[in-house]
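K.L.:
If you read the sequences in order, they're chains U and X.
Quick note on the numbering used here: the first sequence kicks off at 1 and runs consecutively.
Quick note on the numbering used here: the second sequence kicks off at 284 and runs consecutively.
What the hints contain is simulated information worked out from the structure, not anything from laboratory work.
Misleading hints may appear alongside valid ones.
To be verified - With a straight-line cut-off of 30 Å between C-alpha atoms, the simulated DSS-like cross-links for lysine-lysine are:
(1) K86/U <-> K108/U
(2) K25/U <-> K52/U
(3) K25/U <-> K236/U
(4) K108/U <-> K382/X
(5) K86/U <-> K411/X
(6) K52/U <-> K178/U
(7) K382/X <-> K52/U
(8) K136/U <-> K116/U
(9) K73/U <-> K17/U
From a predicted model like this one, the values you see are computed outputs, not experimental measurements.
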Amino acid sequence: MSPSAPAIISLSAATLKYGQRTLWKDLNLQVAPGEFLAVLGANGSGKTSFLKILLGLSPLSSGQLTINGAPAKRGNRGIGYIPQQKNFAPDTPLRARDVVGLGVDGDKWGFRLRGKSYHQRVDELLAQVGATSYGKIPVGMLSGGEQQRLRVAQALAANPQVLLCDEPLLSLDLNHQKAVSALVGQQAKQHGTAVVFVTHEINPILEHVDRVLYLAGGRFTLGTPAEVMTTEVLSKLYGTRVEVLHIDGRLVVVGRPDSVLDGHLPEDEQSHSHDSTHGQEIR
Amino acid sequence: MSWADFTAAVFNFSNYAELLPLFRDTLLAGAILGVVGGLIGTFVMMRDLAFAVHGIAELSFAGAAFALLIGADVIFGSLVGSVFAALLLGVMGVRAREKNSVIGVIMPFGLGLGILFLSLYEGRSANKFGLLTGQIVSVDSTQLSVLAGTALVVVVGLASIWRPLTFASADPDIATARGVPVRTLSLAFMFLLGIAVALSIQVVGALLVLALLITPAAAALQVTAAPRMVVLLSVGFAMTATVGGIMLALGGSIPISPYVTTLSFVIYLLCRIAGAWRRRRGWSARPNALAV
Numbered sequence: 001m002s003p004s005a006p007a008i009i010s011l012s013a014a015t016l017k018y019g020q021r022t023l024w025k026d027l028n029l030q031v032a033p034g035e036f037l038a039v040l041g042a043n044g045s046g047k048t049s050f051l052k053i054l055l056g057l058s059p060l061s062s063g064q065l066t067i068n069g070a071p072a073k074r075g076n077r078g079i080g081y082i083p084q085q086k087n088f089a090p091d092t093p094l095r096a097r098d099v100v101g102l103g104v105d106g107d108k109w110g111f112r113l114r115g116k117s118y119h120q121r122v123d124e125l126l127a128q129v130g131a132t133s134y135g136k137i138p139v140g141m142l143s144g145g146e147q148q149r150l151r152v153a154q155a156l157a158a159n160p161q162v163l164l165c166d167e168p169l170l171s172l173d174l175n176h177q178k179a180v181s182a183l184v185g186q187q188a189k190q191h192g193t194a195v196v197f198v199t200h201e202i203n204p205i206l207e208h209v210d211r212v213l214y215l216a217g218g219r220f221t222l223g224t225p226a227e228v229m230t231t232e233v234l235s236k237l238y239g240t241r242v243e244v245l246h247i248d249g250r251l252v253v254v255g256r257p258d259s260v261l262d263g264h265l266p267e268d269e270q271s272h273s274h275d276s277t278h279g280q281e282i283r
Numbered sequence: 284m285s286w287a288d289f290t291a292a293v294f295n296f297s298n299y300a301e302l303l304p305l306f307r308d309t310l311l312a313g314a315i316l317g318v319v320g321g322l323i324g325t326f327v328m329m330r331d332l333a334f335a336v337h338g339i340a341e342l343s344f345a346g347a348a349f350a351l352l353i354g355a356d357v358i359f360g361s362l363v364g365s366v367f368a369a370l371l372l373g374v375m376g377v378r379a380r381e382k383n384s385v386i387g388v389i390m391p392f393g394l395g396l397g398i399l400f401l402s403l404y405e406g407r408s409a410n411k412f413g414l415l416t417g418q419i420v421s422v423d424s425t426q427l428s429v430l431a432g433t434a435l436v437v438v439v440g441l442a443s444i445w446r447p448l449t450f451a452s453a454d455p456d457i458a459t460a461r462g463v464p465v466r467t468l469s470l471a472f473m474f475l476l477g478i479a480v481a482l483s484i485q486v487v488g489a490l491l492v493l494a495l496l497i498t499p500a501a502a503a504l505q506v507t508a509a510p511r512m513v514v515l516l517s518v519g520f521a522m523t524a525t526v527g528g529i530m531l532a533l534g535g536s537i538p539i540s541p542y543v544t545t546l547s548f549v550i551y552l553l554c555r556i557a558g559a560w561r562r563r564r565g566w567s568a569r570p571n572a573l574a575v
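Based on the sequences and whatever the hints tell you, model everything.
P.N.:
Given below as structure tokens:
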């Protein structure tokens, strides 16, 4: 990442409020091509909303957002999106390669008439994420980690300039967490794709991260992992004593007062509130 | 009833060669409905709408019964009823759980209305029963062209939204992020589904619609996941059930629907067995195991 490169994502004085509650305020952020930005924070701190806004699915309360110089809009082909792992139903009538193919031309009308370049592209993408060996297996029969690789391939299909990831490692085992984050990191470094990676667990992606945006209690902190992930900075952000420990090259945040700061949590985030309350090490 | 009476009623192929040409239009109608049922069934399975199909069918039945009562065209009545029900479900039920309760509320209401209209109707009682259990024994050429025209609407409609509908059905979140109009597609699909249900009711009746709209696709999904194969098999199975069912029913004195549903069910059973065999033989086996 070079500071002089023109930013691909640019937020100025961006604010998000829900009613009386301010999730974050006056956020100024420039993300350069090839930069890997991790978005961390407590549950209900507006991480997922941050992505929704970048996707053009919901608006900022105030402030400006441009992506590649233009206002964010729905269905931007320059943006790839990888959500949380959610298992496909066992009888989904799609094979692994068809799931990847949805990223290639799934948004086009009608049905595919001539498939040569389509099949070439799908083969390329499968190879890129190491999924060639199970390309023809029904997607419902694959493991969560394998399905998530396919989602990475699907998101990369349109050669996006921006890759938005919403907790893509959740419910994956450690090996698959590493493999999937390596794929995303590689995309940033080798193809100059800007990555915005929302997660509550920084360790699997620590080696790839350039900067961290940490959201908590209506405030935020922005900086390199070394700057942000310290006892002083996080304690100040949370407004209470939070300890950042270094154990075997891993960062462990102890004493994050999730429930105190955020009161009620959105329903879909409650399921993993448990492990983040007790530090990020329990896995 | 003795066994001989039973077989004579169920399987009767005397004068078959003379009968067959008379039923050319009926067979054609069956084939057309097979195509529609097989095509739309794959999406019904993908979107988990089996229960919705059942609910739509009951309102379609109410519409047809009302048409019968006031002397209007029955096919038109059932079309109005099912398209109305399908769109209502599309608008009201956004989430799966919500959808199921909405269907559970609508379905008995529709059935009750239908029974009301039928009890007020003073015409032939065979007409009444036909709506619930199927009737197209004799389709005239006007009806056939109406049927073919409506079926064409469904097929062309489905074909034109095929890819985005697949995307939206498989993974609505990602599809939304990619700009696929998920909600509009869902409504469009419900509209087409409503038409398909109304058409299928003409063959198998309101109670047995699932045999045409679910079973063939469910059977296909047992043996393959390749999208093209799923569609081909599903359509093939549905056509086998309808055309085969009509051909078996020609000589006997029994309605078409039991033949269609039984064929459909047998195909499903065979596919289940084949699928189980394929899974045991390692359907999901990789040429070289993943390194993790």
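K.L.:
All the hints need checking, so say for each whether the structure fits it.
P.N.:
How the hints compare with the structure:
A threshold of 30 Å between alpha carbons decides the hint, and for K86/U with K108/U the separation of about 24 Å falls inside it, so the pair holds. Between K25/U and K52/U, the direct Cα distance comes to roughly 16 Å. Compliance with the 30 Å bound is thereby established for this hinted pair. The suggested pairing of K25/U with K236/U holds, with an alpha-carbon distance near 16 Å, which does not exceed 30 Å. With a C-alpha separation of about 28 Å, the suggested pair K108/U and K382/X falls inside the 30 Å cut-off, and the hint holds.
With a CA separation close to 47 Å, the supplied pair K86/U and K411/X exceeds the 30 Å bound. For a cut-off of 30 Å, the pair hint linking K52/U to K178/U stands: about 25 Å separates their Cα positions. Between K382/X and K52/U the CA atoms are separated by roughly 25 Å; this keeps the pair inside 30 Å, and the hint holds. Restraint check for K136/U and K116/U: satisfied, since their Cα atoms lie roughly 17 Å apart, inside the 30 Å limit.
Of the pairs offered as hints, the one joining K73/U and K17/U holds, with about 20 Å between alpha carbons and a cut-off of 30 Å not exceeded.
The structure is inconsistent with hint 5 alone, although it conforms to all the rest.
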